[in-house]
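Sequence order for the protein chains is A, B and C. Numbering-wise, the numbering used here puts 110 at position 35 of the first sequence, and it's gapless, one number per residue. Numbering-wise, the numbering used here puts 734 at position 273 of the second sequence, and it's gapless, one number per residue. Numbering-wise, the numbering used here puts 207 at position 202 of the third sequence, and it's gapless, one number per residue.
Just so you know, these hints were derived from the structure itself, not from any lab. The reader is advised that the hints may include incorrect statements.
Only pairs whose alpha carbons sit at most 20 Å apart, straight line, appear in this in silico DMTMM-like list of lysine to aspartate or glutamate [stated by the list, open to error]:
| no. | chain 1 | residue 1 | chain 2 | residue 2 |
| --- | --- | --- | --- | --- |
| 1 | C | Lys69 | C | Asp139 |
| 2 | C | Lys12 | C | Asp32 |
| 3 | C | Lys96 | C | Glu86 |
| 4 | C | Lys179 | C | Asp32 |
| 5 | C | Lys179 | C | Asp191 |
| 6 | C | Lys154 | C | Asp191 |
| 7 | A | Lys198 | C | Glu86 |
| 8 | A | Lys280 | C | Glu86 |
| 9 | C | Lys154 | A | Glu272 |
| 10 | A | Lys198 | A | Asp121 |
| 11 | A | Lys82 | B | Asp588 |
| 12 | B | Lys637 | B | Asp706 |
| 13 | C | Lys225 | C | Glu196 |
| 14 | A | Lys203 | B | Asp479 |
| 15 | C | Lys69 | C | Glu41 |
So, partial list: chain A residues that the calculated Cβ filter (under 10 Å) puts toward chain B [as the list claims (entries may be wrong)]:
| no. | residue |
| --- | --- |
| 16 | Gln86 |
| 17 | Leu97 |
| 18 | Pro134 |
| 19 | Leu140 |
| 20 | Leu143 |
| 21 | Val231 |
| 22 | Trp235 |
| 23 | Leu317 |
| 24 | Ser318 |
| 25 | Val322 |
| 26 | Arg325 |
| 27 | Pro330 |
| 28 | Gly333 |
| 29 | Ile348 |
Treat the numbers as computed from the prediction; the structure is a model and nothing was measured. Glycine residues also receive a C-beta, built at the ideal position from the N, C-alpha and C atoms.
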Amino acid sequence: MASYLLKRFLQVLVTLALLTLLIFVLARLSGDPAPLVMPSEATAADYEFFRRQYGLDQPFHLQYLTFLRNVLVGDFGASFRYNVAAIEVVGTALPATLQLAAASLLTAILIGVPLGIVGATTKSPAVKLAIDSYSALGQAAPMFWVGLMLMMAFAVRLPWFPSSGRGTLAHLVLPVVTLAIYVSASVVKLTTANMQEAMRSDFVKMARLMGLPRRLILLKHCLRNASLPIITFLGLQLGALLSGAVVTERVFAWPGLGNVIVEAILNRDYPVIQAAVLVSGLTFMGINLAVDLLYRVFDPRVEAA
Amino acid sequence: MAVVDTAFLRPRRRRRTDAPVVAALFCAVLVAWAIAAPLLMPFDPNAPNFESVLRPPFWEEDGSRAHLLGTDQLGRDILSRIMLGAQVSLLTAFVATVCAGTFGIALGIVGGYAGGLIDMALMRLVDTFLALPFILMALALVAALGAGLGNIIVVIALTNWARYARLVRSEVLSVKSRPFVDLAKVSGLSETAIVLRHILPNVLNSVLVLAVLDIARTIILESSLSFLGLGVQPPDVSWGLMLADGRNYMLVAWWLTALPGAFIALAVLSFNAVGEWAKRHFDPRGSVETAI
Amino acid sequence: MNAELLKIEGLSVTFRGARNDLYALRDVSFSIGGGEMVGIVGESGCGKSTLLAAVSRTLPASAKIDGRIVFEGTDLTALSETAMRQMRGRKIGTIVQNPMTALDPLFTIGNQIEEVLKHRAGAARESVGRLALDALQSVQIAAPKSRLKQYPHQLSGGMRQRVLIAMNACCRPKLLLADEPTTALDVTVQESILQLFQAIRHEQGASIILVTHDLGVVRKLCDRVLVMYAGRIVEQGQVPDVFDAPMHPYTRALVRSIPSGNDHPDELYAIPGQVPDLTRNIVGCAFAQRCEIATSRCHQHTPDLTGPDLRRVACWEQPRHD
Chain A
76 MASYLLKRFL QVLVTLALLT LLIFVLARLS GDPAPLVMPS EATAADYEFF
126 RRQYGLDQPF HLQYLTFLRN VLVGDFGASF RYNVAAIEVV GTALPATLQL
176 AAASLLTAIL IGVPLGIVGA TTKSPAVKLA IDSYSALGQA APMFWVGLML
226 MMAFAVRLPW FPSSGRGTLA HLVLPVVTLA IYVSASVVKL TTANMQEAMR
276 SDFVKMARLM GLPRRLILLK HCLRNASLPI ITFLGLQLGA LLSGAVVTER
326 VFAWPGLGNV IVEAILNRDY PVIQAAVLVS GLTFMGINLA VDLLYRVFDP
376 RVEAA
Chain B
462 MAVVDTAFLR PRRRRRTDAP VVAALFCAVL VAWAIAAPLL MPFDPNAPNF
512 ESVLRPPFWE EDGSRAHLLG TDQLGRDILS RIMLGAQVSL LTAFVATVCA
562 GTFGIALGIV GGYAGGLIDM ALMRLVDTFL ALPFILMALA LVAALGAGLG
612 NIIVVIALTN WARYARLVRS EVLSVKSRPF VDLAKVSGLS ETAIVLRHIL
662 PNVLNSVLVL AVLDIARTII LESSLSFLGL GVQPPDVSWG LMLADGRNYM
712 LVAWWLTALP GAFIALAVLS FNAVGEWAKR HFDPRGSVET AI
Chain C
6 MNAELLKIEG LSVTFRGARN DLYALRDVSF SIGGGEMVGI VGESGCGKST
56 LLAAVSRTLP ASAKIDGRIV FEGTDLTALS ETAMRQMRGR KIGTIVQNPM
106 TALDPLFTIG NQIEEVLKHR AGAARESVGR LALDALQSVQ IAAPKSRLKQ
156 YPHQLSGGMR QRVLIAMNAC CRPKLLLADE PTTALDVTVQ ESILQLFQAI
206 RHEQGASIIL VTHDLGVVRK LCDRVLVMYA GRIVEQGQVP DVFDAPMHPY
256 TRALVRSIPS GNDHPDELYA IPGQVPDLTR NIVGCAFAQR CEIATSRCHQ
306 HTPDLTGPDL RRVACWEQPR HD
């Protein structure tokens, strides 16, 4: 376990390092940010001052090293737009995104797994068709569209839920449902497939031969075996979940990291862009690692060494 | 229980083909629009018409046959805009996929065939790119390069190439060890010739399957970026952009947001269906991972 | 005692297919009494496994079953699935051929034995732990306490088979269906596994149907033997009788093909020809094509299984004295 952890940790470091280089290079590539930030009356001296303050007059590699050093202490500089540290902007937004993601994941599992079990065991072709359709449509429909449709139906036409912002539980509902539909669609498909495979396995045949109760076989043996790959799959889905979170946050004006990044891009707020992308990347890889570890804990066949 | 394996015996039923006919037809329509939208469009998608503002689709009360899918707040015909949007989305998907594919194939072949350090370096690079969530990379790239159709194509290609590289590399590795390659070497064929004549054709099958499945992914990626305002810019038309535009009129004109989004969903469904069919028939070994 | 435990009458099993049917069992009839160990031998595809699956009613949905399977007076073919489930495990146990995949890899051995004890053997919650330990000890697994906490992948094939036998034994079934229980195991382990069957038979009074292609095992352990060919029983009787004086040409060929130390080292007798295609309704005796003494009657009419209860043969050319 220890060597595996070390290996993964190194991988994360390498990837993160590349990510920092990437955003650093890209940010510098897009040219001088000064004209966009400075008011129009600024003089040449003001530009010089600005450049010096942000270290933009230093040679490239020195800039990068300074950047790295600052990153390690969490200093991304001040937001060009707001007068607070970029890392603070990001720090305030991160919990909101985590809340959204966690709630959506939970909802998706609560919806998806039972539906998946039904999909695997039902004998009615109508029910199977309905579940398969849900699975296909849920994954195909773009999340921003689903979000807008939900908003139109349940916040605009029928004023049941607020259409934007964060605050009460009601604010959480529509964004969570939007994300959950997408994630649960693939959970359903995967659960159905895995359950069917588990139901065909030899140990289930053996359990049948022993005369064990059907529900016990289904919910204990089949489900446990079916849910292992789902853990890995959800890990793979994190990328899609993240992009879905970004657009969902924009649709519902949810004050999360995704919203922050998009706003920052539109405003050319480089410190915030860098901070946000790095923190997102770090969180993403951290969750990935956690999922990997979770899998290893749940599957006794994986050597704990 | 070693019961007779009856897998080969299916219950008596009429055999049905598994080809997704409806999906393929829809894809064909979209491709037709992509190629010939300017010729097929009933109206100029950017021409405002203030006499016919916010008309609902033809099946609603105020709708008319002239504008089958209604008009937007400037009186622009929705159907025409959707057709042009199809051109943009599919073109983006196609070009981006070709770029990503070419780049990925080239690197994959180099790494797989050369082996050793080169291969290892390539794999590290691929793994890193795949470890980064593509939306973050896309956003970072857009932040640097700016928005617009051309840049979006570059962004999408950069986020996708790694999958092709990994697929091609593993295919090359498996083909490389097959006897007919040794035979080719022994009979004196140059390395390039071996690659082009023997390895490439074997690899192309799974690449094509991945490409079809990728079209669906890129449609979503492009429309998401356009929706956010970071993708296609006006006066270019994109389904995602139409959704962002129509957002302000949701209360009075549901079709502005519902219809373009429906087309996105249907396009994704159709291309995925065709891609899955292609995977079943052209990639029986399952080298292509299922599209997410 | 020894009233008929299991009586099979005219059992035929046909697998329905898209293009054609497979006649796996044709008109099989025999009976087993309490405490008997009966061996069923025959080549692959002769229907022996199908027979066991028919008794435990675990055939696939495409199977059509005709005839009766009377177990302790109840016709199993007429039972509902719920009623049949009550039979499985408790009254009719099964040992499968491949123990490697028969246990759930995600649960400990102890968990799976306790599950059976709770749901099939009616054990009280407080005593399952102790009973599970006893079960492992009864099948001679060393260090049973630690084994209970282990997962299937940590046990060898032989040990897993022992665990499965233990799971069956603790339910004290009246009938145990063993489908090639040692085929997948090391030869060194086979002997001790088979001894376990003997033990169950003697200590619990269970009847055992042992399906195998290993004639030596049958000769050593079984009371009676059924010889099957192409879905039918061609000969049955007490083991010494059948092996010492086989009547059916197929049985004779089988016995002949058992390698013994006396054989010429270069010659191993193999029965010429092949098993017939079971998707075609065979006219006449199925073995006629490969039989040395077949006549035209053999090719045209299917011989019935005739003879006294303890000794039956299905062959037109019986009795024949060589």
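Open item on the list: Output the indices of the hints that this structure fails to meet, ascending.
Closed with: 1, 4, 5, 6, 9, 10, 12, 15, 18, 19, 20, 22 and 27
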